[in-house]
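Chemist: Reassemble the complex: the two chains are provided individually, in unrelated frames, and hints are given to aid placement.
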Amino acid sequence: MNRAFWRGKNVFLTGHTGFKGGWLALWLLDMGAKVHGYALAPPTDPSLFAACGFRADLESSTIADILDVQALTNAVRRANPDIIFHMAAQPLVRQGYAQPLETFSVNVMGTAHVLEAARQAGKLKAIVNVTTDKCYENREWVWPYRENEALGGYDPYSSSKACSELVTAAYRQSFLGAAGVQVATARAGNVIGGGDWAKDRLIPDFLRSMDAGTPISIRSPGAIRPWQHVLEPLAGYLALAEKLFAGDPQYAESWNFGPDESDARTVQEIVEYLCKLVPGSTWNCNPDQQMHEAHYLKLDSSKARMNLHWRPRWNLWTALDRTLGWHHSWKQGVKMQSLTQMQIHEYERNSGPIPA
Amino acid sequence: MDADKFSWKDRKVFLTGASGFVGSGLLARLAHEGAVVTALVTPGSRSLRLPASGNVRVAEAFVEDAEAVGKSLREAGADTVFHLAAINTNVGTNVSPLNIFETNIRGTWNVLEACRVTRGVERVVLASSREAETEALAWGNPDQPRSNRKFRPYQVSKISAELVAHAYCDTFDLPVVISRSDNIYGGGDLNWNRLIPSACRALLEGKAPVLRSDGSLARDYVYVADMVEAYLTLAALARDPGITGEVFHFATGTGTTALEIVSQLCELAGNPDLKPVVLNESREERINEPRDISRPLNLLGWSSGTQMQDGLQKTFDWYREFLLN
Chain A
1 MNRAFWRGKN VFLTGHTGFK GGWLALWLLD MGAKVHGYAL APPTDPSLFA
51 ACGFRADLES STIADILDVQ ALTNAVRRAN PDIIFHMAAQ PLVRQGYAQP
101 LETFSVNVMG TAHVLEAARQ AGKLKAIVNV TTDKCYENRE WVWPYRENEA
151 LGGYDPYSSS KACSELVTAA YRQSFLGAAG VQVATARAGN VIGGGDWAKD
201 RLIPDFLRSM DAGTPISIRS PGAIRPWQHV LEPLAGYLAL AEKLFAGDPQ
251 YAESWNFGPD ESDARTVQEI VEYLCKLVPG STWNCNPDQQ MHEAHYLKLD
301 SSKARMNLHW RPRWNLWTAL DRTLGWHHSW KQGVKMQSLT QMQIHEYERN
351 SGPIPA
Chain B
1 MDADKFSWKD RKVFLTGASG FVGSGLLARL AHEGAVVTAL VTPGSRSLRL
51 PASGNVRVAE AFVEDAEAVG KSLREAGADT VFHLAAINTN VGTNVSPLNI
101 FETNIRGTWN VLEACRVTRG VERVVLASSR EAETEALAWG NPDQPRSNRK
151 FRPYQVSKIS AELVAHAYCD TFDLPVVISR SDNIYGGGDL NWNRLIPSAC
201 RALLEGKAPV LRSDGSLARD YVYVADMVEA YLTLAALARD PGITGEVFHF
251 ATGTGTTALE IVSQLCELAG NPDLKPVVLN ESREERINEP RDISRPLNLL
301 GWSSGTQMQD GLQKTFDWYR EFLLN
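These protein sequences, in sequence, are chains A and B. Quick note on numbering: the working numbering labels position 217 of the first sequence as 217, and the sequence is numbered without any gaps. Quick note on numbering: the working numbering labels position 40 of the second sequence as 40, and the sequence is numbered without any gaps.
These are calculated hints, taken from the structure and not from any lab test. Check before you lean on any hint, since a few could be wrong.
[Unchecked claim] To give a feel for the contact side, a few chain A residues facing chain B, derived at Cβ under 10 Å: (1) 108; (2) 163; (3) 171; (4) 175; (5) 275.
Backbone N, C-alpha and C define an ideal beta-carbon position, used for all residues, glycine too.
Chain B on its own, in the form it takes in the complex (with noise of 0.2 Å):
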């Protein structure tokens, strides 16, 4: 299958999680590539961005409730499945993790489970996390010192969710395919605590940017558009050999320092001398190494399209068209 031959046109999608950050931009794609979009939203949830012009209908269901889910999928009458909906956050360690697995283990089997019993299903992409590596499934080793045995709720409901993925597509054949991804930026993250919403914030408020870290850690950034495009790659050769049940990391193998995003956002604020306040105070616990992209690139044609510089020039647009107008 080719992924730019295949058709969006009237193709009936079922997405998950259409009033995230990720989930909303997918859905306006779909919506303006001519999908007939069903997008399942959390009941009297009121964070859905519905496209401007587009066949998208809203389905109102907890990814928690298997039967809603199932309800909602036969309605739908889908023949492509997003599972993006879960909860994004780690919680420290006085929280209960409970939750966090509801959503994202249980929600995934319910909606698995849906795909499973509904006729018609073809295609299933299920969004998941750089933290669920399978290095991580290795564990418990006693020859590693305790503290680098982190298990922490966020990452366990990723592994888990991807582990159930796995068990439907090698058990019930359903042709699953799964994504993992760096951090993802551009227009229409409303998580104020990540750096690049942030910044834009403060310097349209006209702030001086704050840094937790020193900011010298450099991380791999998608732009929101490209993750949307290896979305829909992903889904259009779901059922090709070599490419069903297979994990893909989307990355575009280079990394920015916070210090270089901010000063870039700076010099787009017009303020290019401004020095962002580091704060200094949070430890990165991250290792980011770079990323090899040849595999998505080999089997699936994918590749970030999109220059930091001109994702950043979108992204502070896109800010200043939000919080200004």
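Here chain A stands alone, though its shape is the one from the complex (with noise of 0.2 Å):
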């Protein structure tokens, strides 16, 4: 990403209090970005948004659903944005089978809503919506998947994500394009980093049962998941934005942003890891035969590689690290605005994984 081009750039970001939004929001200040947010109240407590305090950096932050289309429409107005980051989503697949009709709302509707918003930003140049990996339809096969592979989804969530897709298509299609406002889609798996405090995901669920002195239990020790540090997508969110506001139709479609595969590893793998770093820590197995557990999922993010010259920095170790110590700091009581924009500084610097 370009930091110059950031400088004084109006951006409407939703999702901005929870963690993948939060990391954007703190990136996106940093580079001296206006930033409007726009999202619930924190979803956890503790939170990003609260523990890195960056409310006051921001230009407005509005707390409200996404489902009020007049409140959104407001806030998108007021803002009047050059670029629109739609990160607002019910993110959990575990929470899509308890409460369907939320996610549904929420994933696709709320998307319909940022898009119909929009029309009303007259400068507007470019919109980003944040979807996942999952929105893939999961043919339980070994190659990745690349953009123009079918979509689906097994679950609510994913199948939620794979509307927001198909939404998204048609607002392009209707009138954004038309418009002269480039919309593009961006897909990328699990991330890790510090800050996400939500309820099942393996981190988390780690970092928690490390401060309360138990062992954590773990559903599916053979699972493999990709992971990724949440500023690699970020990254890649970043560079997509830069080539749609530049208004290259080119750009105004779906994109993945995907780890090394070397980083696909098994939850036992990640776990034994973590219990390696943290001296006292202790794991056990509870498998939950509730739920679906999908084949992993591997994205092909060639694309991104070759046309956003995107790729992936920090290997999963790496990842690991950081997201420990930003943990461990929070504990501290350090700063930790000042400590994520550290994390991210070094990021930036980085040219990228050293070859094995």
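Modeler: Rendered as structure tokens:
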């Protein structure tokens, strides 16, 4: 990404109180962008939003529902952004089983509302809608998924994100494209990093167990997941938004931002590594038969590598280390906005992982 | 399960879209079969044509309103649900697609969620569209010219509704089956933009039918009573292994051009020498290949029983009755 590009840019960001949205807000602020946030109150307590205390640095922070079209439209009109990042979502697969209606509403109609509201933003040039690697129809095969592969999704969360993709395509086709607004969707997988307190995610679960001095309970030790630091896909979203802003419709499509293949590891490998890093921590296995475990879905990120010159910079072990380090600093009472900025700067300086 | 042995007598059925063209046909048939039907209609709508006899209860709710849909379904006590309510038109490039998404996508998850949480729902039939063809799911292909990557709102809404249905079926074991169909025709279709209704009306008014296209493209037309039969069959078999969660496309396997249809209707109107006005304005955007009809035949035992000629005769008679009496 190009820091100079972002200086003074007016950015509307939904989901800024969340984990991933919070990191993006901090990065944008650090580069000198004017950031308008729109989200519900932080989904967890503690939260990255509260821990970093960046509320005062935002141009505006609207705490409202993405399903409230009027509030959203007003907020977009007031902000009159150059660029929109849509990250507000119900992000948890398990939550989708418990509350399918909410998951579908927020993830599908929420997207429609953002794109609807975008028509009110006169200067708007670019929209990045963040979906997920789970939007692909999982064929249970060994090959990585490319952007042109069929969309699908077994569970409500995955299905809702596939629908979000389609809704975006319809708006692009219907009028945003004709209005000169370039809309892209971005698909990434599991991300890790400091400041995530979500339920049912491996790293936050581990950190909670570590703090409580209890063993971490693993549901599916053999499951392979693609792991990457939250800054990796965010770097991709930023690079993508820069291209979209320049007005080239070639970029107004879908983009994968997946980790390197060597970072696709089993849950057990991750947990064992973390237990090594944190003396005294232990784990056990508590299989959950209730939930469908999707076969590992690998992203093919060739397009982002080729056309956006994006590539992963931190390998899994670095990502885990920085995540633990962030958590440790937070417990020590360090000023977390500064520490987060330092991690961002360190990431930016890194030219990429050293080939093995 | 043998679809013929499935009894509709006294069966409690919940039907959305009952005031629509195919919905009203389905409603009449269900009532005729002795089902106890709760017909969900849009509040304030007056377009519901109640069957002359039968056990039909009308419930008013917007499908976009999850709570109201849930309440209606609970009160219906139905074990069989047909979800036909949808906006079945596309919008132009300058109109917001939000309404289509609200009705067709949100409406679908509202109905399916109600089915999930309401005791006793055993089978759900979702009406989809030929526009939700699976090939359309693979998209955004950079090797394709942009013009080939069409994502019209109606199409997107139908693909999305199918995805939602699959999620409910796979995740919550809700026995949903999905129907897609080609052009459905028959008495009761009051969409005067469509070829057959408009041609019938023109002929009954003593005018020449007007074709917007050049009329040469062959399309597959399914008679409404056959489509109603398809819905009943789907519902009857919805819980069978190999049927649950599947998508079935109902077609005749034979194409008929607009020119052929109009010429047959002219004959039925007793005016065989009348020539249609061919505007040749609209470019046909659909690719119409003959459809393989073996799957619904083999798995459901369904095939289109009505010959085009008979179907057009009945249709023309219906419009004559409707427009002239």
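Chemist: Now, for every hint given, state plainly whether the structure supports it.
Modeler: Status of the hints after comparison with the structure:
no. : hint : result
1   : 108  : 6 Å, holds
2   : 163  : 4 Å, holds
3   : 171  : 7 Å, holds
4   : 175  : 6 Å, holds
5   : 275  : 33 Å, violated
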